[in-house]
Amino acid sequence: MMLAALLLVTQVAVQDPRLERLDPDTRVAVAAVVDSAHGVGLPVEPIIQRALEGVTKGASGARIVAAVRRLAVDLGTARTALGTSAAEAELEAAVAALRAGATPDVLANLRDVRRPPLTIALAVLADLVASGVPADSAAAAVLALAPKARDADLVEFRRAVERDITLGAPPGAATSVRLNAGAFDAPGTSSTQGNPNTPRRRSRP
Amino acid sequence: MFEREDETVERVIQHLRRPVAIDPGLDARVMREIAQAPPNGRRVKLWPLLAAAAVLATVLVVRPWIWNAATTVDTLQFVLVAPQAASVALVGDFNDWDPARSPMQTAHGVWATVVRLAPGRYRYAFLVNGVEWRADPSAPAAKDDEFGTPSSVVTVGGRGS
Amino acid sequence: MGINSVEPSDAELVRRVRTGDTGAYGALVSRYRDRLGRYAVHMIGDREDAEEALQDSFVRAYRSLARCDDPARFGAWLYGILVNRCRTTGARAARRRRTFVHDAQALDLAAHADQADRLDWTDAVDRALARLAPDYREAFLLKHVQDLEYEEIAELTGAGVSALKMRVKRAREQLQKYLREAEHV
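Protein chains in written order, with the working numbering: chain D, 1 to 205; chain E, 1 to 161; chain S, 1 to 185.
Be careful, since some hints might not be right.
[Stated by the list, open to error] Restraint-style ranges between C-beta atoms, simulated for each label pair:
hint: 1; chain 1: D; residue 1: 17; chain 2: E; residue 2: 143; range: 50 to 58 Å
hint: 2; chain 1: E; residue 1: 131; chain 2: D; residue 2: 73; range: 30 to 38 Å
hint: 3; chain 1: S; residue 1: 182; chain 2: E; residue 2: 130; range: 51 to 59 Å
hint: 4; chain 1: D; residue 1: 28; chain 2: E; residue 2: 86; range: 33 to 41 Å
hint: 5; chain 1: S; residue 1: 67; chain 2: E; residue 2: 105; range: 28 to 36 Å
hint: 6; chain 1: S; residue 1: 19; chain 2: D; residue 2: 73; range: 37 to 45 Å
hint: 7; chain 1: D; residue 1: 112; chain 2: S; residue 2: 67; range: 34 to 42 Å
Simulated from the structure, these hints should not be mistaken for laboratory data.
Ideal placement from N, C-alpha and C gives every residue a C-beta, glycine not left out.
Construct all of the structure, not just a fragment, from the sequences and the given hints.
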């Protein structure tokens, strides 16, 4: 029974022809990670993509294996924080948020205060950090907005912060000023009113 | 006195002549509007216009969640200005990082391709001349690149408004 | 190979657009976006409104491309459309400019004296520019920032060359005055 289950699990990686782009040793190691992830119910596609990225970029086998192992671990951390019902896209975005510096607690808090899917909220968090916003500021801002803001509002928030940073504002200050401006937390209202730098989604004649 | 005035004004002029950062998505919006309403009231078939809309002005990705974050958008235009390039491919989590899957077409050095994506967060990069990796300057950087080359991220989808 | 290719002229691109090559318009947008964008931002003073004006101008130009009598001078024709569009947006945005930067400075720029100086100067210039009468600001920007000849500006704005020279002179004087005032605040 155990053997049958193991064989079934192993087929996931073995049957994926895309992994043939890896050299034999690397393929075996990556397949083991993929199968292991599959065995515990984690999404395997992100892991396969990471391996393929490594191949196309000419990375060494060791580097590819290290990258996919790390990704599998992070996907597991993300799922622990978000719960087993989290979708693959949410888990991938959560990994990005974790790697940006958000703690598992932040992810769990986000899950508690916001209706799924959390993909955009998590992505905005990660992207804010990528723009230079300190991780704790980005997490605090997204958590503050999360209960009420629509995904579109979160995206607008991120764009406004990015734009202010482009204009020369320090990232942390840009985040807090935009947050305190309060233009992004009211669902169903126009979030661009009185706010000169928000992106346009306008209807014109 | 007069000299000082000139100095101040010249300083102002030099200051104002510096480049101004224009939203890279502007080009895409222009081309989209154009695609919706061709000149002289001519009716134009949709696909050629979509292809034309892919020919944009500067280095940019048309990030769908900026265009249309309130709904799930699955058609994206990726654009790179690379006048010196002989070939550009778009590779990422959506095409198995396979350069053969999304070769980009050029018009006047503006390389573009259209990709349909399901909701999710994707890493991607441009491969120029088969050897040179470039991230998308107008998209968030993938901070966790582990292979020593730049990548960008795009997030598709979102809860409806 | 596409390497070292010669850039097609405006006239050539306009010709291609007129024959249905919509993509060629993308090249024109690419060619003019930064130059015209800079004018719109400085003229209107609000980035969001400026980009909207710029976008509208490109779309309007495309839709009325049949009325561009001299495709070799597409740029000048496009300028004219943008100048008009900026006039209609103009004043309402001017007072909103740069409010954010002040907030940011208040928050934590004190520790970065160089950056604070730069932002102070940017702010002072923006405010001085915003105080100019729109036709003075328009003439000043077109002449000194966009580097157009008076004859070209006359064509764009409909004003006479001597009137334009007077506007630019007044603009220079007033900018100097406003900036000197700012120094003493």
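Now the hints, each set against the structure:
1. Checking the proposed 50 to 58 Å range against residue 17 of chain D and residue 143 of chain E shows it is violated: the Cβ atoms sit about 31 Å from each other.
2. Here the CB-CB span from residue 131 of chain E to residue 73 of chain D is close to 32 Å, well matched to the stated 30 to 38 Å.
3. Taken as a hint, the range 51 to 59 Å holds for the pair residue 182 of chain S and residue 130 of chain E, whose Cβ atoms sit roughly 54 Å apart.
4. A hinted range of 33 to 41 Å for the beta carbons of residue 28 of chain D and residue 86 of chain E is consistent with their spacing of about 37 Å.
5. Between residue 67 of chain S and residue 105 of chain E the C-beta distance comes to about 31 Å, which sits within the given range of 28 to 36 Å.
6. For the hinted restraint 37 to 45 Å between residue 19 of chain S and residue 73 of chain D, the CB-CB distance of approximately 57 Å leaves it violated.
7. Residue 112 of chain D and residue 67 of chain S have their C-beta atoms about 59 Å apart, which leaves the hinted 34 to 42 Å range violated.
Checked against the numbered hints above, the structure violates hints 1, 6, 7; every other hint is satisfied.
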